[in-house]
Amino acid sequence: MQVTLKLYAFLTDYLPADARRSNTLALEIPDESTVSSLIAARALPPRLVHLVLLNGQFVPPGQRDARRLCAGDVLAIWPPIAGG
Amino acid sequence: MAWTRKILRINLTQGTCSSEALNMEWAAQYLGQRGLASRYLVSEIDPGVDPLSPENKIIYATGPLTGTMASTGGRYSVVTKGPLTGVIACSNSGGFFGAELKFAGWDMIIVEGRSPKPVYLHIENELAELLPADDLWGTTVWATEAALKKRHQDPLLRVSSIGRAGENQVLFAAIVNDLHRAAGRSGVGAVMGSKNLKAIAVRGTRGVGNIADPRAFMAAATAGKKVLAENAVTGQGLPTYGTQVLMNVINEMGALPTRNHRDVEFEGARKISAEAMHEKRATDGRAHLVTNQACFGCTIACGRISRIDETHFSVETKPEYWGASGGLEYEAAWALGSANGVDDLEALQFANLLCNEDGMDPISFGATIGALMELYDLGIVSKEEIGLEAPFGSAEALCKLAEMTARGEGFGKTIGLGSKRLCEKYGKPELSMTVKGQEFPAYDGRALQGMGLAYATSNRGACHLRGYMVSSEVFGIPVKTDPRETAGKAEMLKAFQDATAVVDSSGLCVFTTFAWTMNDIQPQIQAACEGDWSQDSLLQMGERIWNLERDFNLAAGITAKDDTLPPRLLNEPCKTGGSKGMVAEIGKMLPEYYSLRGWTPEGVPTAATRSRLGL
Chain R
1 MQVTLKLYAF LTDYLPADAR RSNTLALEIP DESTVSSLIA ARALPPRLVH LVLLNGQFVP
61 PGQRDARRLC AGDVLAIWPP IAGG
Chain D
85 MAWTRKILRI NLTQGTCSSE ALNMEWAAQY LGQRGLASRY LVSEIDPGVD PLSPENKIIY
145 ATGPLTGTMA STGGRYSVVT KGPLTGVIAC SNSGGFFGAE LKFAGWDMII VEGRSPKPVY
205 LHIENELAEL LPADDLWGTT VWATEAALKK RHQDPLLRVS SIGRAGENQV LFAAIVNDLH
265 RAAGRSGVGA VMGSKNLKAI AVRGTRGVGN IADPRAFMAA ATAGKKVLAE NAVTGQGLPT
325 YGTQVLMNVI NEMGALPTRN HRDVEFEGAR KISAEAMHEK RATDGRAHLV TNQACFGCTI
385 ACGRISRIDE THFSVETKPE YWGASGGLEY EAAWALGSAN GVDDLEALQF ANLLCNEDGM
445 DPISFGATIG ALMELYDLGI VSKEEIGLEA PFGSAEALCK LAEMTARGEG FGKTIGLGSK
505 RLCEKYGKPE LSMTVKGQEF PAYDGRALQG MGLAYATSNR GACHLRGYMV SSEVFGIPVK
565 TDPRETAGKA EMLKAFQDAT AVVDSSGLCV FTTFAWTMND IQPQIQAACE GDWSQDSLLQ
625 MGERIWNLER DFNLAAGITA KDDTLPPRLL NEPCKTGGSK GMVAEIGKML PEYYSLRGWT
685 PEGVPTAATR SRLGL
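Chains R and D, in that order, are what the protein sequence lines are.
Using my numbering, the letters of the first sequence map in sequence onto residues 1 to 84.
Using my numbering, the letters of the second sequence map in sequence onto residues 85 to 699.
Hints are computed from structural coordinates only; laboratory data are not their basis.
None of the hints are false.
Quick list of simulated restraints, FRET-style, between CB atoms: (1) D:371 - R:27: 25 to 35 Å; (2) R:60 - D:102: 50 to 60 Å; (3) R:60 - D:369: 40 to 50 Å.
Glycine included, every Cβ here is placed at the ideal spot set by N, Cα and C.
The following block holds chain D by itself, in its conformation from the complex (with noise of 0.2 Å):
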């Protein structure tokens, strides 16, 4: 249903469940999920505040789309100030939560305070209850989920919750709902883990209503399943090969970041990619790809649900790990495989599976095993300090810190701080991959020019979620760009990251733009929610979206000098490959990127702009 026009609040501290309003003033001008929630948080908290302190809230948001039956209506957002990066948070995850949620009768969730002890808050529809989950505390997400479906008498409780990455506080760690769906960016696990609230388990019988034209919102959504369908990316392409179909293009592109970017191409990318998926294993005849899944009212389809090798040494002795499961994305195989050297495509599936069993973020965990073994290899870190070997290109390393980490053990808890502080730790911050304390995804800034500038300027910190330049630079949608050059970078950044704002406050999937254009967007929004919702009002909502969130980064304390690469990005050139000799050109963008925006030289939105957007 377009909005329910209800939120509900969960004061941790007071042990309250209430309902108030949706502000429609806002929705108007926010429409919901990331924009929306951003608008709730920014007015809410104080932008210096401690991420981990019970001042900080975390928003659990959908957009008006959620729900529906437009395709890949099924997202929900987690917004909140991220303790890896100390600026704002938004992580986008599918599933069926989010869908489940709407159906309960809420917009959204805004949590605040902490509980004294381990809780879960229990919707269903307008019943909203914080019971004890003493129980729970220390199991994983599978454990949880399964436990709260039983306790519930249950199976189709949709539950969004964290596992011992989250309540050790793990700075990367990540809500998973639905098994293996994940609100995976920026440590919001950990926001919820100080929090003590172990989950959000919803059931919504109330299904879809309020739409505000359903004649005009069931035609826009139908000709939109007919483009999605009839495009060969989102048709045939993503369903059959997955997200990880990038991993052998951007590896003969020279823009695979291998081992902690000292590379640029890495020789065990075809071993670890779609095509080798697909394959059939010698040890047991089977391929490790089982089929692809859909979240809700996905018509695409592109998640992989894939199968280990029962002989691999990280699950011999583990029959639990032996079903199908989901993954691997290309994002969690370049950061568990390439970033780190390592080519065996079952032990990332083991690290992947332990990441969303225990709710991490694998780009984050994954790079800053990268950064690790840089610093064992350099000598910097020894074998005693981390309680084994970690050379590059060790799966044994990669399996064993993906356990230690989710647990808390041992140099886990050193690992659990992210690449940004174990860097910093040892004296090394100019070899953590990072941005605003984040780590990369999987395309090297050197070699796609346009994606250096997405990273440099993303509100959450390095990712390729907010301006996927990507689409431009490598696939030539919806033009081909020279991915070397810089010319027309900042424009055409400014457009993808205010159209995806957009996407991302709509309830959509970000992936459907691949074949979708706000010509198939906007009217499914103008016929589901009631206001002016015309291609420009959307866009310039969108750069509304952008510039709160920056405003809010500024108030959290970044300035211009954040807006930058590692030195290792803007200095050393690629060695090898399509991309050699190159190196991020950051400067030759960067100032025609803060003069689109209505940014001063420092970075900062001025008075003109911000009027003009009514912040």
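Chain R extracted, bound-state conformation (with noise of 0.2 Å):
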């Protein structure tokens, strides 16, 4: 299935170059892929998975192991940010 993988901020480095400039990658993952299945198979660092949205909505870290994906699902991952 297909799903979109936004990375911003530190993470954008984590994408391919040509992706770099929309934060925006297109992927066909396995169909029993997890929030955190999709974190590891991208080899992002730990500590650099702070906040997670899918579909705009927030995953605490303890929902990330168990939150199937969808097909069409938005997965969007900052690092620890803060402004105002």
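Join the two chains into one complex using the hints; note that each chain is given alone, in its own frame.
Set out below in structure tokens:
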């Protein structure tokens, strides 16, 4: 199935070069994928995986292992950031 | 230094400058800066006063940690009755002016009356004098600062001034120091303009002293800096990406107010984000962002310094704007961009430069343009009336209207009234995205329920910096809460509001609280200031300040009916994204908030609350 992965701020470096100007990558992933398995498959450093939004809604760390992805999902991830 | 124990009082009507002792009894109750200046204002003006009359006063106040070695200890606040809102205004600025004022030996300046002719206040340590500013009137902030440094032959002179917006009494005019740091909100610049006070130029050489326990203070300040450096947000995220990193975050959540809050997602958000500011432009191969910049004593350095594209239509014939300058910060980028549907990063930077150059709050300006564009879209305001076409998304309209507003030209005079008065003028008050007359910042109160309550109850009108619930609802600082949930938000907001009042009264920057808790802040205040500054007494002081401000606002005519949000946020659900279907549920939170505050159901502090807080 296809999902969209968005990586921002310091995580931009973990995207292919041609995806960095959009921060967006379309991915084909196995049907049983979870939030955590996708993060692991992209080799994202745990210390940079802080804010995780699935279709715009926060996924707490404790739910990421069990949270299954569906076709068309948008997973967006940020390192620790803040502003105001 | 901690308190210098001296106030400089300026009577512009009489043309006098005098020194008086700081009321140390009040300092023990209100600490400094926001709290202490508010105490003075409340005691000295009639809450019903016309904000732009000589009877209003304007106070420039440092905190006890301003000018010290505490990280971010360079803040000062401007406190007055706000012309945009009709309630108490307290606008906080960084840069270097606040520390310089402290170095000159003053805790605060109280300005009263109105000068018959334009003047500026020159301070050199104990010397304070009012000097003619006829030649500066009609010039920008940037020109004023350059002229005063040249006139006094002192490149280290620190200047806080108004541009033409303040002179023209644009109701969201700002006071700008150090070229691009601003006491931005509520129209404090218009008050300065109404008094014919163009600038305050200060040079202080007295350094730091009067720390109650220097050894303990150095230890506490050093420990605090270590915490900031080791925290991923204040040590890495903010210095690298600035506040602008929020553009994509808030957009992905469906919480980015777009086109005057019609939408909550902006298709152009990525193009005006922090990530875009880091990328090389196709036109000149340069990145928009040049570097980050710190205010006095700050070890975070979140400020952005950028260079505009010289080939952009806004500046291609204006080389004076080609150099590196301040911006874009998140709030400005949102208000100038998403709020009116403009996704042209260079246009946003140009409008932002004009706001800095002529002293305008980019949040209120940009949000007012958003309201105008909706009125234009609905056919209520015509091209002929405005003098140009103003559809959503027009970078050209944004840039031209910024120039017209700053200079008080044509329809710019109407823009300068702000969104509330603009929409009322055209019979559509419901289209003004404001609370108590002040425009929203960059978070939709439907998508973030706690922020909705924060906006409704803020003592200076819609504002994110009185109780930044985004910290919890988005970042998880200090704990993550569900932005869709209303339960528990009233209690958390009260805690945020009270703690923020403490920070705003200390001389420190509120951004430290992304890493610091009261466990880091309290030892610095306690070591610097004589007296009891336990955490309990500090938080009670924060509550006291909040209630003092509330009392002033009630006396100025505010009622519980003003603690609300525009009908669009209460009744029109978010259309898309993670917040789809949501409205702001203020009614579920406000009664609990009043109760927790010790207020009546009408939002009035009870006698018991006043007594408990010593009001």
